[in-house]
Amino acid sequence: MGVFRELGVDDFVQLGSILASTLRLTTPLLLVALAGLLAERSGVVDLGLEGKMLAAAFAAGAITAATQNTFLGLLGAVGVAAALALVHGFACVTHRGDQVISGVALNMVAAGLTVVLGIAWFKTGGQTPTLPIELRITALAPGLTEPLQAAQAHGAFLGGFLGHGLLSHNALVYAAFVAVGLVWFLLERTRLGLRIRAVGENPAMVDAAGLSVSRLRYTALLLGAVLCGLAGAYLAMAQSANFSPNMTAGRGYIALAAMIFGRWRPLPTLGACLLFGLLDATAIRMQGVALPGVGEVPVQLVQALPYLLTVILLAGFIGQAVAPKALAKPYVKER
Amino acid sequence: MSKAISLPRWIDVGLLPLWNLCIALAVAAGVVALIGHSPVQAFEVLVKGSLGNARGLGYTLYYATNFVFTGLAVAVAFHGGLFNIGAEGQATFAGLGLTLAALLVGASLPAWVLLPLLVLSAAVFGALWGLVPGYLQAWRGSHIVITTIMFNFLAASLSVYLLVNPLRPAGSMSVESAPFPDSAKLPGLADLAARWGYELPSSPLNAASLIAVAALCFVVWFLWRSRAGYALRAVGSAPRAALYAGMNPKVQVLVGMGLSGALAGMVAVNELSGVQGKLTLDFVAGAGFTGIAVSLMGRNHPVGILLAALLFGVLYQGGVEVAFELPGFSREMVVTVQGLIVLFAGAMSMVSAPLFAKVYAKVYGRLSGAGRG
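Protein chains in written order, with this note's numbering: chain L, 1 to 335; chain E, 1 to 373.
If we strip away everything but chain L, and leave its shape as in the complex, we get (with noise of 0.2 Å):
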């Protein structure tokens, strides 16, 4: 705790905020990474992460603002993931489209026409009307989303640096979190989990025991779309108030990082996702400042670098990623 007294107020109230904007920012990406998890591990490429979950969060802002029902929102957000994962699915899984193909299309799809229906039906440019703060999904303590009121109600460590940063958040990121847990609890300690598995490395003794491989990597498919639709709603729902145009901004592509970063695997894609969650959380606040010895790092180097260390793991400089082995193959059963 030594570093701690030396700490000023001001410190803590800078540090929770970045652990706050830390784990606000980590949240959609985890979700998504969990969701490409669960489609890669069954063996199917998923790329269409970003459309997805753009997707989703058109459908949430739309629906919510149509219908003035929250959860209505975000049933349509998961909703529209799950008709996209399904359209997937038919390419790929039942007509052993290309899984790649298939998912830059779903991507480019959902960048057109989320735009095109957004000016159509709101008219303000492509953005869905601003929610009001009883639709959104916002603190569940409202009392710690401002660090600096944080602090002085409860003091520095434990209002403005734990209270704010670890406690004043939204539903959705604590669910984030939770379906880490489920999801490392489903692959590893379910017979289903095993399945989905299975279906990714070695898919036709999974048929030859008598299960649908089709079946798997559709379920795998749709559990990953709550997850994308979900983190769709919590870009338009929570963190912004409504749907604007391309609001993902590559955020599934950095997902999509995170999960091969992490692996294939739930725990350390957390940790990957914590990881660029940082860096997106300290690169706005370096501008301008000069580190020692290293000097002013410019905040196109910090936000590139998600995909820099990706590159640098996939060639093998810093351990090695082992995909699912049957993965991107469609199967074709035997006759």
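Be careful, since some hints might not be right.
Stretch-level coverage of chain L by chain E, calculated; a stretch enters the list once three of its residues show a Cβ under 8 Å from a Cβ in chain E [to be verified]: (1) 89-96; (2) 115-124; (3) 204-214; (4) 305-315.
The set of hints was computed from the structure by calculation and includes no laboratory data.
Backbone N, C-alpha and C define an ideal beta-carbon position, used for all residues, glycine too.
Dock chain E against the given chain L, drawing on the hints supplied.
Just chain E now, with coordinates in the frame of chain L:
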């Protein structure tokens, strides 16, 4: 892949892609109807705006030029068994190379020296941005799809950094480089035609389109007439057999990705040297991704790619006109159509094949008495 269904070539190469295109366009028409516009009217404006007058046609061909380059880029890699999603990043990086050459040595060189140098530097930088993922795939075992996606983002970040810092002229607020010297500007086709006594309306169409035609011919020659192209295709279709025949698959990955990147880099020539006259942010504007759709639509063959690039040129130019004419209609409809085409002509290309096989078997079985393969 199971090759249970074998269709005659004219169905496989002609009818089936057309059918898939029609499905994609039908879904797009549904979307147009959904937002309260008449698909027929939209289609009329689209065709009139892109093909109906000389100016529109000029723009259509200018867009198509970009798509020929990126379509060829994706196709060449594809023949080597590689899926290059990185044409966007390769074109971006090529733009940096072209800009460096234009700004560093451009002022002191006459156009006839500088222009080939600009084309060369765009090609080299584009190739470089393709070669690194190629090397990482061949020697380090990382997957080309993921690496090229990452390289798209890296190129974008790099160009933002360079544009807001070293490349931005002092005192300028807009995110773009200093203007290129006059000698760095490719002649417009209207200027060229005027020299020969013809009059064309002004459009961004420029000499880069001639490079595109040359690139189409080159790729035909390279893939089907040259030894190197043969090796590339051999490795792409049967890597083990190619290895046994003495070809080095790793080197072919470099050949495929290098050439692919160089072709993608030509987008920078068309956009920066041909039109903008300076480096601008995001000048590629999705042309790299459109290249995926073009290549899939064109079945990875230069002739098909030319047709598909023209189709997308029509969609892009016509889309601008439709967005202008119809209230509440957004240009992003083109991206949607592009996505639908990739979906139906790419990912779901074989969904309708059994149907065609059935119909074909029925019709021809009756005509000739016996089924032909």
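Results for each hint:
1. 89-96: Per the Cβ count (5), the hint holds.
2. 115-124: holds (count 7)
3. 204-214: violated (count 0)
4. 305-315: holds (count 6)
Checked against the numbered hints above, the structure breaks only hint 3 and satisfies the rest.
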